[in-house]
Amino acid sequence: MMLDLAFIWAAIIAFAVLAYVMMDGFDLGIGILFPFYKSEADRDRMMNSVAPVWDGNETWLVLGGGGLFAVFPLAYAAIMPALYAPIIIMLLALVFRGVAFEYRWRTRRGKFLWDWAFALGSLAATFTQGIALGTIVQGIPIVDRAYAGGWWTWLTPFSFFTGLALVVGYALLGATWLILKTDEQLQERSYRFAMILGPATLILIGLVSLWTPFLEPLYMERWFSWPRMLYTIPVPLLVALAAYLLIRGLVRREEYTPFLASLALFLLSFIGLGVSFYPYMVPPTLTIWDAAGPEESLSFLLVGAVVLVPIILAYTAYSYWVFRGKVGSEGYH
Amino acid sequence: MDSFDPVLLARWQFAFTVSFHIVFPSFSIGLASYLAVLEGLWLATGRTTYLTLFNYWKKIFAVAFGMGVVSGLVMAYQFGTNWSVFSDKAGPIIGPLMGYEVLTAFFLEAGFLGVMLFGLNKVGRSLHYIATLMVAIGTFISAFWILSANSWMQTPVGYTINAVGQFAPTDWWAIVFNPSFPYRLVHMVIAAYLTTALVVGGVGAWHLLRDRLNDGSRVMFSMAMWMLAIVAPIQILAGDLHGLNTLEHQPAKIAAMEGHFETRAGAPLILFGWPDMEAEKTLYEIAIPKLGSLILKHEWDGVVKGLKDWPKEDRPNATIVFWSFRIMVGLGFLMLGLGLWSLWGRYRKRLYEMKGLHVASVLMGPLGFVAVLAGWVTTEVGRQPYTVYGVLRTADSAAPIAAQAVAASLIAFVVVYFFVFGAGVFYLLRLMSKPPHENEPDSPSDAHLRAAGIVPAPALETVGELATYPEDRR
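Chains A and B, in that order, are what the protein sequence lines are. Counted the way the working numbering counts, the first sequence spans residues 1 to 333. Counted the way the working numbering counts, the second sequence spans residues 1 to 474.
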């Protein structure tokens, strides 16, 4: 029985998390890059390139977390205390950067303050999300349906490293998004950043991928046992292809390919994680089925998700369509 | 070391963050509807004052909504960080209800908010109006699910306890429309409308005191006063029905609200006093004989249960609940008074000249929030010592977290919230302190928001430009 409710829900939540990473990733990345663009006019354009959509982007985080709470309550109850400090820091960071979108237009004297709130908030939120990822990958100890680790268990060289990797990766998404949405000097500057961030992201993805199999025998077996390797080998091959397209696109000054190739890198990394994890929800103890709530909860919400997620995707796409094209520089004169 | 009890600290943290949070939705529910009404009136009548007011309140809405979003995000994750046992046990029921909130409301609001704020000349009038309506409907749907989840925790039905100790749903229809839900939803949504009406009325009155001829100030003041006059009495009725429902399902809460420790026939209505939980009686009480029974039981000699009917460890804190309830009710009657006063002003055709009424409206501007918070404290503290009433105790709901971790995060929340939301309130007040001007371009800093590349015409909001607004958009 592969296609049961728990499996479907795991897929939906994985999709929500992926959607979050791919959409909020670039607007967090813009916050990370904020300090490197000094001119106020540039910053205004950067902010405005995401202002109409960031709110919708961030909502996928609520769906990821809320979905976990709803259909995998045990996983939620185990992961959240395990990640207590990073989650709290992430929430506070998102508070700062979220209000910055409105506040920085409401004050001239305090504008620099909210610029910093936006930049540091984005940085801290990204870093803690990376730490959260690393912590889950390295495994969360559970005894008797509750988290059994300490308050600092999450802090390891590996989780620190995944935090760093995500910061660089989101910055790449941000830079390539700016290439897409802006022109002239701002775009030129973004090309230069992407030229550094692209290779850096690739190196970090490579290092995390090499490190991961040594954390758990399960992961090692997934990636390096024959003939299983035949199924997993396309992932690194596609990563190489995406990397090639990214660099080529940057060199040729293409506008769309760098962003799309960067998204592809995230998608492939995510698939790679899935390959390592499946069927675990919280490695090394909880599988999807261990963590799933009662059938009635899963089916009740599934009805809504099946109907509503496509509708949400449709009007999200519409919203992006309405605000398509370059964020012009003539607007605010 | 009572103060370092992790459960108590987690409760403080939850109370603090939820109190902050609830202020913003109760404002944005009302304001989103108000914006939809204003834009609708503008489209229907073409009167520019409505558009001016729409743009005026839109900016305020955007700031308040932003604060609501981020403080709401905190709430969603706090169930897991501080109340993980509750999450595991009640997640199968609360989770899907909140999941539906995210799917039906969150995305709707977030998806259309951008269009509503930035898109008037990108999408044309009718699509823009649809976006405004969607945002308004979204806030309402959000209230629906959150109140459903909260009501279920107050009056749990439609579940069994499964093998691993979780609440497993058996009847979703019963869960969503649980016994206290309709009353709670109506009471809360009306409260949001009243809160918004008080703010809008207060801002209108503030500007009328300086310039009683400003058309925008007049319109918003008048609309707000109609709202109060019509809705405040409905709220008092709804509150009474809600109270009777609570008596049926949560009699201990009613006993605490009324300050009754003894069960008796022909119970008095205690107007004021000091319920002392240790001494088990209400000190210094000022009471009207028999009226308590008459209100609660609709009989002079109806028997009203007192707190002593429950073991000590099952009683909610009467001192808090008694007073928060009185604050809420008192403010409700003040709102009614203000509404009636405005009717008298209208009858004398002096609505825009009565300084006393305007001063009172300004003073009452923020009191809706106080009433909402007091009502929230009444219902939530009154639910204690349970998270799921009568079934799951608060003490058994908390996460296995060290007190220091909860204390540290509580301090972080307090510091950040006061700083961030303090600044937000400051900006809100500054926006409100400017009168709605029809012919004046917006301040340069504000022009950024609307103009910076997203909207090519920077001053679309000003009426001067509006005259040249292309007709083909219709």
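There could be a bad hint or two in this list.
Which residues of chain A face chain B? A partial, calculated answer using Cβ under 10 Å [what the hints assert, rightly or not]:
#	residue
1	Gly56
2	Tyr76
3	Leu83
4	Ile89
5	Phe101
6	Phe112
7	Trp114
8	Trp116
9	Ala117
10	Leu120
11	Ala146
12	Phe214
13	Thr316
Take a look, some chain A residues computed to stay more than 10 Å from chain B by CB distance [claimed, not checked]:
#	residue
14	Thr107
15	Tyr219
16	Val275
Since the hints were made in silico from the structure, they are not lab data. All values reported here derive from a predicted model rather than from experimental measurement. The beta carbon of each residue, even a glycine, is placed where N, CA and C say it ideally should be.
Hint check:
1. Gly56: At about 4 Å, which falls below the 10 Å cut-off, the nearest Cβ of chain B leaves the hint on glycine 56 of chain A intact, so it holds.
2. Tyr76: holds, 5 Å
3. Leu83: holds, 8 Å
4. Ile89: holds, 8 Å
5. Phe101: holds, 6 Å
6. Phe112: violated, 13 Å
7. Trp114: holds, 8 Å
8. Trp116: violated, 13 Å
9. Ala117: holds, 8 Å
10. Leu120: violated, 12 Å
11. Ala146: It holds, given that the least Cβ distance between alanine 146 of chain A and chain B is near 5 Å, below 10 Å.
12. Phe214: Given a least distance of 29 Å, the restraint on phenylalanine 214 of chain A is violated.
13. Thr316: Interface hint status for threonine 316 of chain A: holds (6 Å vs cutoff 10 Å).
14. Thr107: violated, 7 Å
15. Tyr219: Since the minimum Cβ distance to chain B is about 25 Å, tyrosine 219 of chain A lies beyond 10 Å and the statement holds.
16. Val275: holds, 26 Å
In the structure shown, a violation is registered for the earlier hints numbered 6, 8, 10, 12, 14, in ascending order.
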